[in-house]
Amino acid sequence: MESQSPRPDLTEPGPTERAISRREAFRAGGTAVAVAGAGLRLASVPLAFAALARPTRAQVMTDVIAVLNFALTLEYLEDEFYRTGLASDVAAALSPAERIAVGQVSKHETAHVAVLQATITNLKGDFIPKPTFDFTAGGLFGDVFSNRDTFLAVAQTFEDTGVRAYKGQAGNVMANDAVLTAALQIHAVEARHASQIRRLRGQKGWITGDSRGDLPPATQATYEGEGNTTHAGVDAAPFGNGVGGTDAVTEAFDEPLTMEAVLVIVDPFIVG
Amino acid sequence: MNRNRITLSKAGYLWEPATRREFFRIAGLGGVAVLLPTMFAACDSDGTNNPPPPPPPEGEVTLDLRTDAGVLNFAYALEQLEAAFYTTVVGAFGNSNLSAAEQAVLADIRNHEVIHRDYLAAVLGDARIPDLAVDFSSVNFADRADVLETAIALEDTGVAAYNGAGKLLQDVNNLLVAGKIVSVEARHAAAVRDLFRPGTVDFAGDDVVDPFGLDQAIEPGFVIQGTMEFVDTPIRVII
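If you read the protein sequences in the order shown, they are chains A and B. For the first sequence, the numbering used here gives the first residue as 238, with consecutive numbering after it. For the second sequence, the numbering used here gives the first residue as 974, with consecutive numbering after it.
The set of hints was computed from the structure by calculation and includes no laboratory data. By construction, the Cβ of each residue, glycine as well, lies at the ideal position given by its N, Cα and C atoms. A couple of the hints might just be wrong.
Claimed, not checked - Each pair of labels, with its calculated beta carbon distance range: (1) B:Arg1117 <-> A:Asp451: 28 to 34 Å; (2) A:Thr467 <-> B:Asp1179: 34 to 40 Å; (3) A:Asp447 <-> B:Asp1179: 29 to 35 Å; (4) B:Asp1119 <-> A:Ala334: 22 to 28 Å; (5) B:Gly1064 <-> A:Pro368: 38 to 44 Å; (6) A:Thr467 <-> B:Gln1076: 27 to 33 Å.
From just these sequences and the hints, can you work out the full model?
As structure tokens, then:
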């Protein structure tokens, strides 16, 4: 990859210029956009400073660091989970396609840990140390690192929970454009992961109602509230008429979770 | 014919980019003071240098990204485009070589995009932009690869567009709505990518997720430019 140039943390500008190369798939303007990228690379440098330099009350910054440490907790969990899985018996139980997907997901979670740590440090905060995890959740998923079905089931709950967790914190980092944008960018990657893990398990890539599908009842908290159809005070349920009904409406919107709700979900996996 | 026409404006001053390079520089700097030679000339302290703005083209739609309504209209424009695309895809299933499993995924996505479009129209109410004139004549809807490649481009763009526009929203409730939609677009993106290249890392490939594990975020001006292949309506973006 070309964009290994130092971008130490989330407060730097996002991968706009690199990302645009994908627009070549948009059969319009690929060349023009590449030209644009060259201009942007220079032009966007001050944006990072603008984001950092804006007047920020100490309290707001404290909240942002708390949110980033919360996100880091989830990324520590996911990162160790996939790395342990790929080094354990369960790796051989996965199909080649599953192993490839898990490898890519694992790579991203490792990157998320690094970028969150760097960002917290850059904001003059202290990042929390990695907790000690028990991925069997006290025996509930006892064969998580030997049984393909259990491993992917736990992976699905982690990814679907991660999507909801980031979504729930977006409003709490609004004061910092750079952090907000980067959080949205991680949020979308978690959603891509969730979709793929779900589809590998034979599920739809999206969540219907508040259904956990074939997952055990202990995972229901990850899906509680996903059946909501009212957003910003407008009920979307009528818009499913003729296009899949209420099920489709619930699929079309993912729901947030509060920090407290997420911590309850992951608590069984954290032992110290 | 106004096809592929887009105009960018800074607040209070219409700026017609003279070159593509200029266009991209201003598009990528949305909301930030733009210090280009042309802008210096336009901003002389005596205020006499501003040329009169040219008349807007027929049927022009304005997206004023300084307001939440403008940003939501930007999202509404993209959802109109996606809904129209997938509606055509589903309508052409009888002539297509998409598998039954692929058709099921695309039909679900059609449902979601139509719901997004109609929901945003309801949220915007009287503030919503008119229906865009869309044109997918460049897509061969009978061809599986053409349909999936276009779907991938639309979904990746949708994700990047919401990610890039989130910071422009001022009301936390609107940000939350955008967040509820964008993760579903990302789920779509992964699914259509996996349909096209199953068994690979493409669902979250290195072309859309950078080495820091971040998905794309693209400024609205770029997004609009990139989608204009499929849009006949002239669009004015105020940044």
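Note to self: Against the range 29 to 35 Å, how does the distance between the Cβ atoms of Asp447 of chain A and Asp1179 of chain B compare: consistent or not?
What the structure shows: 34 Å, holds
Note to self: For the hint 38 to 44 Å, verify it against the beta carbon of Gly1064 of chain B and that of Pro368 of chain A.
What the structure shows: Distance hint for Gly1064 of chain B, Pro368 of chain A is violated at roughly 52 Å.
Margin query: Given the hint of 34 to 40 Å, is the C-beta distance from Thr467 of chain A to Asp1179 of chain B inside that range or not?
Written below: 38 Å, holds
Notebook entry, point to check: Between Arg1117 of chain B and Asp451 of chain A, does the beta-carbon spacing fit 28 to 34 Å?
Noted result: Holds, at about 29 Å.
Next item on the list: Note whether the CB distance of Thr467 of chain A and Gln1076 of chain B lies within 27 to 33 Å or breaks it.
Entry: 31 Å, holds
Check: Within 22 to 28 Å or not, the Cβ separation of Asp1119 of chain B and Ala334 of chain A?
Finding: 24 Å, holds
Consistency with the previously given hints fails for number 5 only.
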